[in-house]
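Trainee: Those sequence lines, one after another, are chains A and B. If you're matching positions, the first sequence starts at 16 in the numbering used here and goes up one per residue. If you're matching positions, the second sequence starts at 1460 in the numbering used here and goes up one per residue.
Don't read these hints as lab results, they were simulated from the structure. A portion of the hints provided could be inaccurate.
[As the list claims (entries may be wrong)] These stretches of chain B come out as covered by chain A in the derived footprint (C-beta under 8 Å, 3 or more residues): (1) 1500 to 1512; (2) 1697 to 1704; (3) 1723 to 1734; (4) 1750 to 1758.
[Stated by the list, open to error] Ranges between beta-carbon positions, derived for each pair: (5) 1732/B <-> 117/A: 40 to 46 Å; (6) 137/A <-> 1672/B: 46 to 52 Å; (7) 1692/B <-> 133/A: 28 to 34 Å; (8) 1732/B <-> 236/A: 45 to 51 Å; (9) 1488/B <-> 103/A: 44 to 50 Å; (10) 1744/B <-> 133/A: 57 to 63 Å; (11) 133/A <-> 1576/B: 38 to 44 Å; (12) 137/A <-> 1478/B: 27 to 33 Å; (13) 1583/B <-> 247/A: 30 to 36 Å; (14) 1596/B <-> 260/A: 39 to 45 Å; (15) 145/A <-> 1763/B: 20 to 26 Å; (16) 1717/B <-> 117/A: 35 to 41 Å; (17) 251/A <-> 1611/B: 29 to 35 Å; (18) 92/A <-> 1734/B: 40 to 46 Å.
[Said to hold, decoys possible] Capping the alpha-carbon separation at 30 Å, the derived lysine-lysine pairs in DSS-like fashion look like this: (19) 1632/B <-> 18/A; (20) 1632/B <-> 1659/B; (21) 1541/B <-> 88/A; (22) 1541/B <-> 1735/B; (23) 1610/B <-> 22/A; (24) 62/A <-> 22/A; (25) 1595/B <-> 22/A; (26) 1632/B <-> 62/A; (27) 1595/B <-> 1659/B.
This structure is a prediction, so every number in the text was calculated from the model and none was measured. Every residue, glycine too, gets a C-beta built ideally from N, C-alpha and C.
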Amino acid sequence: MIKYILKRFWQSGILAIIMSLIVFFGMYVVGDPVEMLSDEDWTEQDKIELAIELGLDKPLHEQYLNFAGDIVKGDFGISFVHNRPVLDLIVERLPATLEVALLAMVIGLCIGIPLGIYSGIKGNSRGPRIISFFTTIGYSTPNFWQAILLILVFAVFLQWLPASGRGDTNAMFGIEWSLLSIDGLRHMALPAINLAIYKICMQSRLARSGTQEILYQEYMTFARAKGITRNRIIRRHLLRNILIPIVTITGLEIGGLIAFSTVTETVFAWPGIGKLLLDSIHMVDRPVVVAYLILITLMFVFINFIVDVLYAFLDPRIRHQK
Amino acid sequence: MHFSTLEFATKSNKMKNLKHIFNSLLNKIRPIFSGHYIAIAGLIGFSFFLLVAILAPWIAPQNPYDLMVLDIMDGLLPPLSKLGNGTTAWLGTDALGRDILSAVMYGLRLSLFVAFVAVSIGTTIGVILGLLAAVKGGWVETIIMRAVDLKVSFPGILLALMMLAIFGTGVDKIIYALIIGVWASKARLTRSQALSEMQKEYIDAARISGIPNWRIMVRFLLPNSIAPVLVMVPMALSGAIGAEATLSFLGVGVPITEPSLGLLIANGNDYILSGKWWISIIPGLVLVSLVLCINVVADRIREYNNPYLKSKDQ
């Protein structure tokens, strides 16, 4: 077990280094920072001085080591647009993204998994067909267009919920949360539903195919033959076994949710890190883009690592692997 | 293998061959769809969209890329309005006075083009890399499969945003970004298929007969391991269409002068709050219908090829 975790940890480290190399080469070698920072009336001499100031005259490996060193120290530079340390900008907006993503995930799991297990057990009857009809429409509809429809219906026509912004927030542990105020929750409703629809569809399809696969395993037939009650079979044998793919996907999807929140946050003008990334791409605010990519990469590597470890806890075949 | 050299390649023979291939293809497709009306509807819908996309320059009432024919006075008209030049805008106009119907036809054309190109190139790259990994083994396999793992552990949209942030935007850039999203899963599947194929005796026989590796790859492994990859293609296509629309909507996709469906929706998004719904809802409906048509066909094909579900149908 410990050996397995150590191996995964080591692999995660390599992954993080490779991704930081890709971001570094992409942003600093393919693109030319001097061109971006300089004005049109600059002379060649000015440009060379700027290049020296940015450390671009040094050999590549040295530049990368400086870049990686700064990251380890938590120094991501200063935003061109906001003129503030990038890390502050991101940390300030992270809670907004996280609270929507978490709410969406809870909604997705609580609705999606029961729907999927129900569909899997009931087979080809009417209920599952109706569910499958709606989930097909749900995952065929691009996220951003769902968002527009939600705004059109609930904010423009019905005028029940606000269409943009974060609303009132209340502080807990020194961080402002919309979750803790009625107005904030009203603002959160549409973005969270928007992110959750896709989750519900994915989780229910996943749970359904997992259930169907397990139903035909021999140990299920055996359990039925032993005369174990239906509910007990579902709880002890089915639920535990479909949990494995669901844990993996859910883990990976936390990252997916945060990646997709770029779309949702843009449509609903939700002030999270996704909107920050998009705005920074549009305004060529390179330090923010680089910092976002690096941080999200690290987060992904971390999530993958946690998922692998959880996987081992749930699946004895992996735990006892030599 | 020697069959083709013995065969007389006369014209009538060739025709017969084509007919034969067509018939056998039809016989393969028929059982997939027969009795599954939703999937048939999806297939018909997709063919319709494809036809409209191909014929757009000839059947669209207006060329939406030609700024000369646009009249700002015709801007923001609701569906069924009369335009200044006497024609009717069946689906309304956008802020520039562009006919939405024509814009949607051209947008469909661009969206489908981008997705088709990206999926074909991405799938080809994936299959080639998968076969190489299976046949070569060793460090070639390690590098390819680690790259696959790397790709698969990140969500596609993030990698695409990363690519577009680095290289800038444009039709070609977005195709590259979509290719990145397609190849990895195909490579993984092809490799596992090819590996199980290589266990079989005829491959050993071919090896012993001194047939070179590349020939084994092309003549034996490729045709025998490609089927499951092809099953994934429709899904990849609808995924690519959705991804392109999303990226264009976010303003990092196709240029504003050549709007795809996603960009049309983004243009209309600014007018949603003032109740001018048609600019963004109509291209959106077309986009969703297109993706839905492909997805029901894809679902059916996958279901047909899934042994677990098949045994249950019977």
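Trainee: Tell me the hint numbers this structure goes against, listed in increasing order.
Mentor: 1, 5, 8, 9, 10, 12, 13, 14, 19, 20, 21, 24
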